[in-house]
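Residue numbers (this note's numbering), protein chains in the order written: chain Y, 283 to 528; chain H, 400 to 866.
I should point out that these hints are in silico values taken from the structure, not numbers from a laboratory. Be aware that one or more of the hints could be misleading.
The list that follows gives simulated cross-link-like pairs (lysine-lysine, DSSO-like), each with its CA atoms no further than 30 Å apart [as the list claims (entries may be wrong)]: (1) H/K792 <-> Y/K468; (2) H/K776 <-> H/K437; (3) H/K776 <-> Y/K468.
Derived CB-CB ranges, DEER-like [stated by the list, open to error]: (4) H/V405 <-> Y/A389: 36 to 42 Å; (5) Y/A455 <-> H/E524: 24 to 30 Å; (6) Y/R418 <-> H/A815: 18 to 24 Å; (7) Y/R442 <-> H/R572: 54 to 60 Å; (8) H/R529 <-> Y/D486: 55 to 61 Å.
Just so you know, even glycine gets a beta-carbon here, dropped at the ideal spot from N, CA and C.
Listed here are the chains, written in short residue letters.
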Amino acid sequence: MRPRRAALFITCLSDTMYPATGRAVVTLLERLGVAVDFPLQQTCCGQMHFNTGYAAETIPLVRRFVRAFADSEVVVSPSASCVGMVRDAYPRVAALAGDAGLAREVAALAPRVLELTELLVNHLELEDVGAFFPHRVTYHPTCHSLRMLGVGDRPVRLLRAVRGIDLRELPQAAECCGFGGTFAVKNADTSIAMVTDKVRAVLDTGAEVCAAADNSCLMHIGGALTRQRAGVRTLHLAEILAATER
Amino acid sequence: MSDPTVPDAPFPQAARVALADSQLRRNLGHATRAIRAKRADAVAELPDWEQLREAGRAIKERAMRHLDTHLLELEAAVTAAGGVVHWARDAQEANRIVGDVIAAHGADQVVKAKSLTTEELGLNEALAARGIHAWETDLAQLIIQLSDDMPSHILVPAIHLNRAQIRELFRRRLDEAAPDLSDDPGELAEVARRHLRRLFLETRVGISGANFAVAETGSVAVVESEGNGRMCTTLPEVLITVMGIEKVIPTWQDLEVYLQLLPRSSTAERMNPYTSLWTGVGEHDGPGEFHLVLVDNGRTNVLADELGRQALHCIRCSACLNACPVYERTGGHAYGSTYPGPIGAILTPLLRGVDEAASLPYASSLCGACYEVCPVKINIPEVLVHLRRRVDKHDPERAAMRALARVFASRRLYEAAQRSGRLGQRPLARSGRITRLPGPLSGWTAARDLRPVAPESFREWWLRERG
Ligand code: SF4
Chain Y
283 MRPRRAALFI TCLSDTMYPA TGRAVVTLLE RLGVAVDFPL QQTCCGQMHF NTGYAAETIP
343 LVRRFVRAFA DSEVVVSPSA SCVGMVRDAY PRVAALAGDA GLAREVAALA PRVLELTELL
403 VNHLELEDVG AFFPHRVTYH PTCHSLRMLG VGDRPVRLLR AVRGIDLREL PQAAECCGFG
463 GTFAVKNADT SIAMVTDKVR AVLDTGAEVC AAADNSCLMH IGGALTRQRA GVRTLHLAEI
523 LAATER
Chain H
400 MSDPTVPDAP FPQAARVALA DSQLRRNLGH ATRAIRAKRA DAVAELPDWE QLREAGRAIK
460 ERAMRHLDTH LLELEAAVTA AGGVVHWARD AQEANRIVGD VIAAHGADQV VKAKSLTTEE
520 LGLNEALAAR GIHAWETDLA QLIIQLSDDM PSHILVPAIH LNRAQIRELF RRRLDEAAPD
580 LSDDPGELAE VARRHLRRLF LETRVGISGA NFAVAETGSV AVVESEGNGR MCTTLPEVLI
640 TVMGIEKVIP TWQDLEVYLQ LLPRSSTAER MNPYTSLWTG VGEHDGPGEF HLVLVDNGRT
700 NVLADELGRQ ALHCIRCSAC LNACPVYERT GGHAYGSTYP GPIGAILTPL LRGVDEAASL
760 PYASSLCGAC YEVCPVKINI PEVLVHLRRR VDKHDPERAA MRALARVFAS RRLYEAAQRS
820 GRLGQRPLAR SGRITRLPGP LSGWTAARDL RPVAPESFRE WWLRERG
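Work the whole structure out from these sequences, hints included.
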């Protein structure tokens with residue numbers, strides 16, 4: 283199935299703090315012939331609440347999400363972590379709510395919720411999306427993209443096809459950056475030890491840009507990079523794929 | 400006696416000690432990285448690894464569902480083969496049973512094969528209180544015992560020590576060590592060997608744990624690398640094996656699956672060097688008396704937890720410890736329990752109750768590395784989140800999470816919050832970044848800036864451009 287239309291699930295984080303990522307997804311998909319919808323009733327998928335142990339507080343957010351996207355044939359999101367929440371945890375939330383109707387709605391919707399690189403590579407069958415980005419880039423494969431969604435090397439294949447890019451391999455790439463939602467605050471010392479090693483690995487590549495397919499991890503890595511005045515910026519993969527030679 | 404599976408301090412606090420110890424972090428980083436890479440290679444050799452994992456998971460799941468039947472079958476088979484089976488509800492009962500058997504033989508010392516279960520029970524301390532000295536014979540466990548330290552890894556208990564530290568310890572504590580002992584691993588092992596040989600020959604009672612027990616035949620399996628465990632299970636006149644009730648597997652054939660999964664996952668070996676298997680007592684060989692102590696000590700509580708019960712599938716390979724980015728940096732002591740690392744973060748609260756270890760389910764970034772390597776597919780992140788749901792929540796976090804949930808539940812409140820966030824951050828944001836946050840959030844800004852709310856949200860742009 284080659285979708286002609288997709289509803290963007292921007293995530294609360296990107297909506298509020300990284301709007302450029304959303305604009306990039308729109309630019310990219312429209313360039314590839316996919317019309318984009320943006321259901322305005324969407325807010326947050328509830329991942330932070332659920333993963334911190336607040337299941338009761340998560341239930342209304344799941345209901346809200348399911349209704350907001352009920353009519354969308356395909357939902358696309360620039361966050362592997364939030365997509366993982368929908369596909370992996372929503373069935374459990376519905377079960378905890380004891381709501382069979384919600385469980386059915388979740389079961390119907392969850393498989394249609396795709397992470398951006400899944401849509402591009404699996405469904406649009408593309409690796410070269412016509413991007414141009416003449417910079418030194420290293421790619422951090424986020425934990426949930428790798429181990430929850432199993433996107434494998436799809437993001438790297440997309441990046442390799444970008445014209446002008448100088449892609450540098452990240453040492454110990456698959457290791458967590460230490461974000462983990464509220465983990466970064468509850469276990470701040472451990473989280474900082476983890477991101478310190480990640481930042482060192484990023485700097486070792488000599489890249490100017492650290493890219494990933496999730497702004498939450500990039501917010502974490504980027505926060506450590508700017509604190510250290512490292513001179514490396516973070517950028518969502520979508521923004522690289524949307525860039526063209528003008 | 401304090402319970403060795405109940406942490407004294409919350410994880411974030413206990414972790415600080417290790418995080419500040421740069422020697423420890425180097426030792427651990429070096430060790431876990433090396434074993435991680437080796438495990439990956441050993442696993443990659445088997446084309447059917449994923450099927451094996453699934454078999455390992457399925458067999459355990461089935462075994463747990465009929466645990467009562469299998470345990471009775473095991474008891475009957477062991478008894479028929481001349482062994483004596485004891486049932487222990489908790490640590491106190493188990494320790495008393497073991498102590499009574501030793502006392503009945505008038506022994507004042509025992510040799511021990513490495514066993515996590517006896518550590519969980521605090522057996523050595525309980526025996527010491529009865530005037531019985533328990534000698535650890537696993538090399539690393541011996542090092543721990545000599546240094547009056549706590550193990551920090553379930554398979555490599557002294558992973559946090561390097562060989563210079565071990566040489567110092569041997570020189571101080573072992574008569575067999577010459578004053579000019581070097582830190583050459585061969586020389587260190589030789590000193591330990593002479594010490595242990597003497598013990599094996601003069602001790603009449605041996606104690607072991609069990610990796611598996613086969614219900615249909617009554618056979619017990621101990622898997623190890625050094626051969627010292629086999630000395631403990633074969634040389635003494637009396638053998639006492641202490642095992643958790645979850646270690647039983649239904650059939651001999653099931654063993655085949657685990658004997659493939661375990662060595663590759665734990666030591667990255669194709670086959671482990673020593674697999675000892677025995678059934679009751681033999682007429683001409685081995686101990687003339689065999690006792691099997693079946694221990695509950697919280698396990699039936701875990702069994703009653705539908706989602707958590709998968710933690711009982713654990714075969715203690717330690718792959719999840721080696722894979723864990725948190726463990727790599729904090730070491731095992733921070734978990735404050737016999738069971739450290741990702742498996743400990745779920746098993747400890749499951750065995751003892753979440754109230755006893757409320758910080759452990761949060762000692763993870765939920766990166767999933769543990770689940771990925773677990774040979775019996777225990778979904779540790781899923782159980783962590785499940786346990787987090789059962790932790791008592793407190794303000795201000797609880798109040799903040801509830802308020803936030805209300806905001807996310809309404810488009811109007813959500814959009815208003817985006818606007819007010821933009822205003823509220825003004826005093827905090829400097830040149831496009833927030834460098835200091837108040838209260839509990841200050842942990843973030845201790846070493847990381849925060850990105851401020853964007854001047855225009857995505858939805859505002861969308862409404863302006865496409866609305
Ligand atoms: S939880 Fe899995 S990976 Fe961890 S020690 Fe147990 S069997 Fe091994």
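Inset, instruction - Would you pick out the hints that fail for this structure and give their numbers low to high? - result: 5, 6
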